[in-house]
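**Q** Residue strings, one per chain:
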Amino acid sequence: MKITRQEVEHVARLARLELTEQEADTFTGQLDAILAYVDTLKELNTDGIIPTAHAVPMENAFREDEVQPSIGVENALANAPARAESFFRVPKVIE
Amino acid sequence: MSSKYQVVIGLEVHVQLLTDTKIFCGCSTKFGAVPNSQSCPVCLGLPGALPVLNRKVVEFAIRAGLATNCQIAQRSVFARKNYFYPDLPKGYQISQFELPICLGGHLDIEAEGGTKRIGITRIHMEEDAGKLVHVDIPGVGDDSCVDLNRACTPLLEIVSEPDMRSPDEAIAYLKKLHQIVVYLGICDGNLEEGSFRCDANVSLMPKGSAKLGTRAELKNINSFRFIKQAIEYEMERQAEILDEGGKVIQETRLFDPNAGTTRSMRGKEEAHDYRYFPDPDLVPLVVSDDWVEDVRLSLPELPEMKRQRFAKELGLSDYDTEVLTASRELADYFEASLALYPQAKIVANWVMGEVTRALNEENRAISDCPVTPKLLAALLQLIEQGTISGKIAKTVFDEMYKTGHEPARIVEEKGLLQVSDSGAIEQIIDQVLAAEAGQVAAYRSGKDKLFGFFVGQVMKASKGKANPALVNEILLKKLNG
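Note that the protein sequences, when read in sequence, are chains A and B. Quick note: the first sequence, position 76, residue 76 per my numbering, numbers continuous. Quick note: the second sequence, position 292, residue 292 per my numbering, numbers continuous.
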């Protein structure tokens, strides 16, 4: 096994995903197969090759430091499930 | 703390950059705007929005790297740091991880026993999160409010090696770093508003040991004084645990400025599994040698270089050079004044004395000083010409500070011209000696020390306007003659 069910549950918790028992089993099997394939890829010798961070061979896309209009408070909050004045309103975070 | 242990401190500093816009979008970074009024699909994390890197952020990072003796990486990559928190709309923070822009620098600090070199591990660019606030709005109750104006504001994270061995060394390092980023013009340096934030990694090890102990990460410290307090408290806390045979737990602890203590932020540990990976929305950053050289040439003179120059070229003391280079603005003011009145020690004394005192009384910035270098130089010339005494000059200075008027005009309007007419001075002296007949007798019977008293009385009677050299001369003649 490349991945344990426990690891799958851990990753799901980090991603705030709630898995049923059956889903956890299914994904464990699927992820296991994916990781096994990664092992196959690993057999290739990649010494001296820069890791690919991006699919397009391109570098340095910049913008200048010039202010552009923002979209406005009403647009920003248009999809908010809850708001208070011009704030997004969220359940209290416990620290 | 028991002397069995040696404290080891490493610091992570977040520097908010002085750009006009955010790191990945064109929204303004101006402080204090209406909540969420400075936001757009990119910094709100709306689906499909794409970040584009602000060129100036890269330039500022290179500046910081060069000023702290780092290597500038030819190729660096942005990465996603994944975690959930309501002030982080995308569910990840764009940062740099494996390939940061600057590596392997150092700063030299003044420590007990001489200069000490503190290593800088790395400097990377990242975006800030939004702000989670608790506002008293009717009906909101216990809920939190989110303002995303700050989201996507550019930051540099500057990570030191665990090279500091006392709270004082940590403070010396921070002050030096603070001075540099402000000099570089990349940060406003405002600690209270969070433009310069510090996390401290603190651990203890037995004295003489080479193996580092388990560290605690202290967060939420927004003044140099609190940093010292937090580290000192943490040293005591860890020493107590170790003395009792316990183990320090690696954790994040929040500093409580009211209690002067740190407390554990339980439950955030799991969130430390950040699952970094290269951000596919941003292409790699390649910095050419030419770019680095251009930035190097544009660097301002840094405080250390300025100090050396002031000492060497102007012959000023260590103390003077340190005070005068405390900020770039103060040093600029000093040099502008010096250009108009080229006597370094006199100018230095006035800048460090009257100018600084007057500004401090109102908590005003030097750039905002009503007495411009031109006015200060004009005042010093009046003293040199004997138009006014040094004592009266302070009165004129205060008046200039209040009104911004030329010193010559003030001297004329207020009738402060120095009296150098020996006849007039003689007259004042005669009056004083007549009024103080008893003291005169005492002086003549051998109480030499009274001389200063007579000078004071004469100066007072002349309202400070009498030429002090003449007063001394005539007074001596009259008393002894």
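One thing to keep in mind: the hints can contain errors.
Here are the simulated DSS-like pairs of lysine-lysine, each with C-alpha atoms no more than 30 angstroms apart in a straight line [as the list claims (entries may be wrong)]:
hint	chain 1	residue 1	chain 2	residue 2
1	B	Lys4	B	Lys312
2	B	Lys131	A	Lys92
3	B	Lys81	A	Lys92
These are computed hints drawn from the structure, not numbers from a lab.
**Q** Hint by hint, note whether the structure agrees.
**A** Hint-by-hint comparison with the structure:
| no. | hint | in the structure |
| --- | --- | --- |
| 1 | B:Lys4 to B:Lys312 | violated (44 angstroms) |
| 2 | B:Lys131 to A:Lys92 | holds (13 angstroms) |
| 3 | B:Lys81 to A:Lys92 | holds (23 angstroms) |
Checked against the numbered hints above, the structure violates only hint 1.
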